[in-house]
Amino acid sequence: MPCCNLVSSGRPSSLRLAPHSDGCANGGAITLSDLARLVGGALDGDIDGNILGIARLEDATMDEVSFCALREYRGHLSGTGAAAVIVANDFEPPRDVRDKLAFIRVDNPYLAVAQVVNHFFPEDEFPPSIHPSAVIDDSAEIGEDVSVDARVVIGANCAIGARTRLGVGCVLSEDARVGSDCHLLPNVTLYPAVVIGDRVVIHAGAVVGSDGFGYATEGDKHVKIPQVGDVVIGDDVEIGANACIDRAALGTTLIADGTKIDNLVQIGHNCEVGPNSILCGQVGVSGSTQIGEGVLIGGQAGLNGHLTVGDGAMIAGGSGVTSSVPAGCQVGGYPHLEASRWRRVVAALRTLPELGRRVHRLEAMHAGEKEEEE
Numbered sequence: 011m012p013c014c015n016l017v018s019s020g021r022p023s024s025l026r027l028a029p030h031s032d033g034c035a036n037g038g039a040i041t042l043s044d045l046a047r048l049v050g051g052a053l054d055g056d057i058d059g060n061i062l063g064i065a066r067l068e069d070a071t072m073d074e075v076s077f078c079a080l081r082e083y084r085g086h087l088s089g090t091g092a093a094a095v096i097v098a099n100d101f102e103p104p105r106d107v108r109d110k111l112a113f114i115r116v117d118n119p120y121l122a123v124a125q126v127v128n129h130f131f132p133e134d135e136f137p138p139s140i141h142p143s144a145v146i147d148d149s150a151e152i153g154e155d156v157s158v159d160a161r162v163v164i165g166a167n168c169a170i171g172a173r174t175r176l177g178v179g180c181v182l183s184e185d186a187r188v189g190s191d192c193h194l195l196p197n198v199t200l201y202p203a204v205v206i207g208d209r210v211v212i213h214a215g216a217v218v219g220s221d222g223f224g225y226a227t228e229g230d231k232h233v234k235i236p237q238v239g240d241v242v243i244g245d246d247v248e249i250g251a252n253a254c255i256d257r258a259a260l261g262t263t264l265i266a267d268g269t270k271i272d273n274l275v276q277i278g279h280n281c282e283v284g285p286n287s288i289l290c291g292q293v294g295v296s297g298s299t300q301i302g303e304g305v306l307i308g309g310q311a312g313l314n315g316h317l318t319v320g321d322g323a324m325i326a327g328g329s330g331v332t333s334s335v336p337a338g339c340q341v342g343g344y345p346h347l348e349a350s351r352w353r354r355v356v357a358a359l360r361t362l363p364e365l366g367r368r369v370h371r372l373e374a375m376h377a378g379e380k381e382e383e384e
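One gets our numbering by counting positions in the sequence shown from 1 and adding 10 to each.
Treat each hint with caution, since some may be false.
List time: in silico DMTMM-like cross-link candidates among lysine to aspartate or glutamate, alpha-carbon distance up to 20 Å [what the hints assert, rightly or not]:
(1) K270 - D245
(2) K110 - E68
(3) K110 - D100
(4) K110 - D69
(5) K110 - D54
(6) K270 - D246
(7) K270 - E303
(8) K110 - D73
(9) K234 - D221
Keep in mind the hints are simulated off the structure, nothing from the lab.
All chains should be modelled from the sequences, with the hints used to inform the complete structure.
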């Protein structure tokens with residue numbers, strides 16, 4: 011489950027349309043009833059009027075909506091000024107707000123929030139342009155309506171698809187391929203022969219195609235094994251800031267369609283990550299590990315090399331995965347255990363201090379009994 015809510019964030023507390031001089035919103039104002047239809051929800055309440063934005067529960071005003079997807083945020087409802095709150099279909103509001111607030115009831119509040127934000131703030135459109143400081147090899151193929159920002163370097167035989175944007179300082183080494191409608195943010199580096207699909211977003215500082223970490227040991231020296239494979243990134247993939255995806259020693263490191271990779275993730279050489287998987291921040295995947303479809307890996311989990319993680323598996327944050335994980339299995343801990351067993355181990359660990367004291371008392375009693383017998 012996503013772990014966000016519009017409360018206590020370091021970001022601006024309101025995502026709101028700027029008004030024109032006549033007081034109307036920038037073309038994105040929408041009535042509450044139309045907003046409910048937009049997200050496929052049902053409006054529960056008699057309020058209707060123009061909505062200009064979305065905000066945190068504690069910051070929302072009468073022309074904004076908010077949302078409450080987690081039970082622990084119910085306490086914020088009594089103080090919100092929002093016109094309506096997006097909630098799950100089975101959400102039961104506290105009694106003190108039932109008659110004061112309107113609710114938009116939906117199957118998936120997080121998806122509804124994404125739809126609302128996209129309505130008010132559609133993705134920016136950038137006019138096609140090539141900055142004069144960009145360095146582009148004559149052999150590179152640049153598609154229609156591409157935007158190339160300052161100090162971008164595009165090497166020999168590269169190809170850039172239509173409507174793709176390359177942010178400041180991006181480097182595309184020779185033979186790199188980037189599909190259509192992609193966005194590479196500042197200082198992304200693609201090593202030679204990296205292939206990027208369509209509609210891919212790569213955040214600032216990410217490196218795709220750097221050498222895999224492979225060495226042969228000879229005596230007291232480590233001899234580098236040349237990494238001559240490549241990296242292929244599928245369509246609709248998002249790669250977080252400062253993530254690193256290593257090229258294969260031989261063959262291909264593959265990130266399949268729809269997968270989302272968070273900041274500071276390391277993926278080793280020859281790994282394959284299946285479609286629509288999620289790898290959270292600081293995950294490390296050692297070389298040649300195969301990750302299936304729809305896998306969820308929590309932050310700071312580490313996976314040994316040459317393993318298989320089956321489709322739909324879930325790995326808890328901070329886990330150390332030392333052997334393959336079957337499809338659909340949930341695991342956690344270090345070394346990893348099946349999730350229910352891991353929770354029992356954690357519960358038992360909490361009792362260890364008291365258990366130690368009890369053992370100490372029993373030992374003292376036993377020692378006293380022996381002295382009396384003697």
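Hints, verified against the model:
Between K270 and D245 the CA atoms are separated by roughly 11 Å; this keeps the pair inside 20 Å, and the hint holds. Note on K110 and E68: the hinted pairing holds, with a Cα-Cα distance of about 15 Å set against a maximum of 20 Å. Restraint check: the Cα-Cα separation between K110 and D100 comes to about 18 Å, which is no more than 20 Å; the hinted pair holds. For the hint pairing K110 with D69, the CA-to-CA distance comes to about 17 Å; that is within 20 Å, so the pair holds.
Distance check on the hinted pair: K110 and D54 sit about 11 Å apart at the alpha-carbon level, within 20 Å; holds. Between K270 and D246 the alpha-carbon distance is near 9 Å, which keeps this suggested pair within the 20 Å criterion. Distance restraint check for K270 and E303: the Cα-Cα separation of roughly 12 Å lies within the 20 Å cut-off, and the hinted pair is therefore satisfied. At roughly 15 Å between alpha-carbon atoms, K110 and D73 fall within 20 Å of each other, so this suggested pair holds.
For a cut-off of 20 Å, the pair hint linking K234 to D221 stands: about 10 Å separates their Cα positions.
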